[in-house]
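J.: This is what each chain is made of:
There are 2 protein chains.
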Amino acid sequence: MERHLVVIGGNAGGMSAAVRARRGDPSLPITVFERTGHISYGSCGLPYYIGDDIKEIDRLIIYTPEYMKNERNINVYTFCEVTKIDVSNKCVVVKDIKTGKVFKQHYSHLVIGTGASPIIPPIPGIENDNIFTLRNIEDGKRIKYHVISNKPKKAAVLGAGFIGLETAEALRKWGVDVYIFESFSEILPQLDRELVSVVEAELEKNSVKLFKSAEVKMFEPTGDGGIRVNTGAGSSFDVDMAVVCTGVRPNTDLAKDAGIETGIKGSIKVDKYMRTSAPGVWAAGDCCETYDIITKMPLYIPLGTTANKQGKIAGENLIGGKAVFPGVLGTQVAKVFDTFVAFTGLNESRAAEAGIETLSVKIKALDKASYYPGAKPIYIKIVMDKNTGRVLGAQLAGSEGVAKRVDVFATAITAGMTVYDLYQLDLAYAPPVAPSSDPVLIAASAGIKAMKEKNLIS
Amino acid sequence: MERHLVVIGGNAGGMSAAVRARRGDPSLPITVFERTGHISYGSCGLPYYIGDDIKEIDRLIIYTPEYMKNERNINVYTFCEVTKIDVSNKCVVVKDIKTGKVFKQHYSHLVIGTGASPIIPPIPGIENDNIFTLRNIEDGKRIKYHVISNKPKKAAVLGAGFIGLETAEALRKWGVDVYIFESFSEILPQLDRELVSVVEAELEKNSVKLFKSAEVKMFEPTGDGGIRVNTGAGSSFDVDMAVVCTGVRPNTDLAKDAGIETGIKGSIKVDKYMRTSAPGVWAAGDCCETYDIITKMPLYIPLGTTANKQGKIAGENLIGGKAVFPGVLGTQVAKVFDTFVAFTGLNESRAAEAGIETLSVKIKALDKASYYPGAKPIYIKIVMDKNTGRVLGAQLAGSEGVAKRVDVFATAITAGMTVYDLYQLDLAYAPPVAPSSDPVLIAASAGIKAMKEKNLIS
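First to last, the protein sequences are chains Z and H. Numbering-wise (the working numbering), the first sequence opens with residue 346 and increments by one. Numbering-wise (the working numbering), the second sequence opens with residue 346 and increments by one.
To be clear, the hints were calculated from the coordinates, so they are not data collected in a lab. Here the structure is a predicted model, which means the values were calculated and not measured. Please note that the accuracy of each hint is not assured.
One copy or two, it doesn't matter: identical chains are merged, so the pair holds either way.
To be verified - Straight-line alpha carbon distances no greater than 25 Å define the calculated DSS-like cross-link-like pairs of lysine-lysine that follow: (1) LYS435 with LYS601; (2) LYS518 with LYS554; (3) LYS518 with LYS721; (4) LYS562 with LYS498; (5) LYS489 with LYS794.
Sequences are here, hints too, so could you generate the full structure?
T.: Right, dumping it as structure tokens:
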């Protein structure tokens, strides 16, 4: 049987697999089918494009189909949607969206990189030209075009996750009044409440109105292109546009139709080699599950960083490698105006799910020497294994100084370090970048103190 | 015999020991003798005081003798110089500098925290009112007063270590033309030449003239308060002031006179509990040696971060603890105008001294997503164990983004991670703070590639 790698989806997971396979096997025919017009773009940059930090959408495009053809000998077909995977006959059915032509493509190896799609809540009236989602290049262009040409005065953002908060910031840059509606009673549930209050204060400072426990019940057109957002109980808000940022779900219809097993949150089940349940079929990226480094439990955390890594593992293994995906800590960071928030590893509730008893500490410390101009506070919470002091997770909020300090925690957690180990670390000090005892060490010291007190009490 | 902790020297090493001992033992009498007028100040902040980033010198003072007395029940005597340690009779001889009075003080436990002093090269004419060293509060005040009142136009800085470079930056802020004279043929010998060239370019951009292989042979007063700097071979430079930043040496006269053993670079020899060779005598800080986490070889790297840690270990152990100082990686970071430079662990030459064969890689990557405004390059060099790929050291230069990334390396090195482990780390990504593949991971990837190529070749 002729060897041919087919990849469904041209973003992080799929393209990483294709590129890695090509690097290891110069002669393998590789074909990528992408249903949109773009591959390999920085979707995390979309809010900054909307906010006009980035002027041209092309800046977000990392690789083009032409580059892949000329430099990597990878055939990429855009506007080509795979409509069926036939695992028995090892072929996919493809529809060329522009011509309507349907054709079959045989594969010896298949990578599913179908990604994820925005969850559209079933709210009456949500189908409206001035209500947007934000996931791909076209979404970004549509929103920015709308903002520039229609000059909306008020906008609703549904969902206060990182994308919702970044979208709110982007709209504020155009002077739009932003109302965020979060259906849950709290935002950023991964994080400690005190840290979240730092983020909420930053929203308030920047005149973003946040409504919690505010489930949108209905969108009503108000005739002039406006939208009335109805949150029930008689409250309504008139806005000029809305952006729905209520999360994503994995694109798994193709896989499910082909009888490929799915797992957590409906994502495609994969083993540590990124193999699916079907022979010769791998998956990578936002369409498939991952697992937790610490608990080894399956997780669905769709992130570009994970997608890239999974793709590389799939690409290496499909040409005969034995690479193992080590799992994730779910490390994330986001900028919310001038406040940064980050976390890695387990919080108390995820540790509890895994049956681990925890002890947590929180500190507030300056990101630079106290006497250095512009020193700003950082809040750090460490979640420890109550019995051993092993660091399980960390949460940070405050100045930009949190952004790479979360990586120190991610490294320490991966290495299995305890707070005692953490406290001994020889970290860098200079007044413009850190106090002589770095906030990471101050947090570790608080952790040790809590472990001692616990032993004195129990 | 009455219990009494005596501490010689009121800066990082000594005060940390005193405070830790107090925390563990509320009733132990503790006396600190400090020969200057200040304890516990941020000496690393002095260049920023001189450069007027920090207006008031008092901002650098972390704790006062009054605070130590009232809040910690620690007696601190400033302007009191210990002139002799009598290890047989367990007492110190103290001279009150202000009154001239000499007295004895018995100790049951002694901590030597005498610190280090600037090395004054034996250059004819170096004794000059307009030639300064920069080590303590008084030095900082003298230099700033001189700059403000005498308005020097030109200054010489001797030595291009971190303090020399920071001093050059501080003087440039007052518009002073700065000439740095480095006697060695290269600056920052810990670092790769390509990374050093980033620092040198930054100096040039900021109109700091750097002369390498330029040993100052003589200072000649030019009559009007000016100084002629003679570097031999007929070249001379007329300046209005000079700052000598040619390193420090440990203050060990007291210890040596008492028969206490010294070790590397003449620093006080200590074991991992921070005990000296004399019973009941500990040492901590810039006066004593430390050792390398990786090679276990003794080192003399006087740093505030190390001094604080050593002091805490000494303080805990002298009241009966068994704390072990884990050694250092010698992690350092410095700001040179808008360029940051950092390193941790072993470079090739230190690894070679320890008999470790190395393999090194260098990369250049952006500190933020390529499309995000203000993304700047970072250069990273990783030094690996050639046989295992274990990360031994890292060197970084570029934007502020190097400052805490060096800590990721320090953590990974301490944990014994290889480049393979490093590459798997789940690090934080968001366009404003990192590219989707962090420079740390790009460096790890280059390391893996080099390990593979080495295996293909050898």
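J.: Are the hints correct? Go through all of them and say.
T.: Tested hints:
In this assembly of identical chains, the alpha carbons of LYS435 and LYS601 lie at most 25 Å apart only when taken from the same copy (15 Å versus 81 Å across copies). Proximity of LYS518 and LYS554 under a CA criterion of 25 Å is satisfied intra-copy only: 15 Å inside one chain copy versus 43 Å between copies. Taking the closest pair of Cα atoms, LYS518 and LYS721 come within 25 Å of each other both inside a single copy (23 Å) and across two copies (23 Å). Taking CA atoms no more than 25 Å apart as the test, LYS562 paired with LYS498 passes inside one copy only; the shortest distance there is 22 Å, against 71 Å between copies.
For a Cα distance limit of 25 Å, the shortest separation of LYS489 from LYS794 qualifies neither inside one copy, at 51 Å, nor across copies, at 41 Å.
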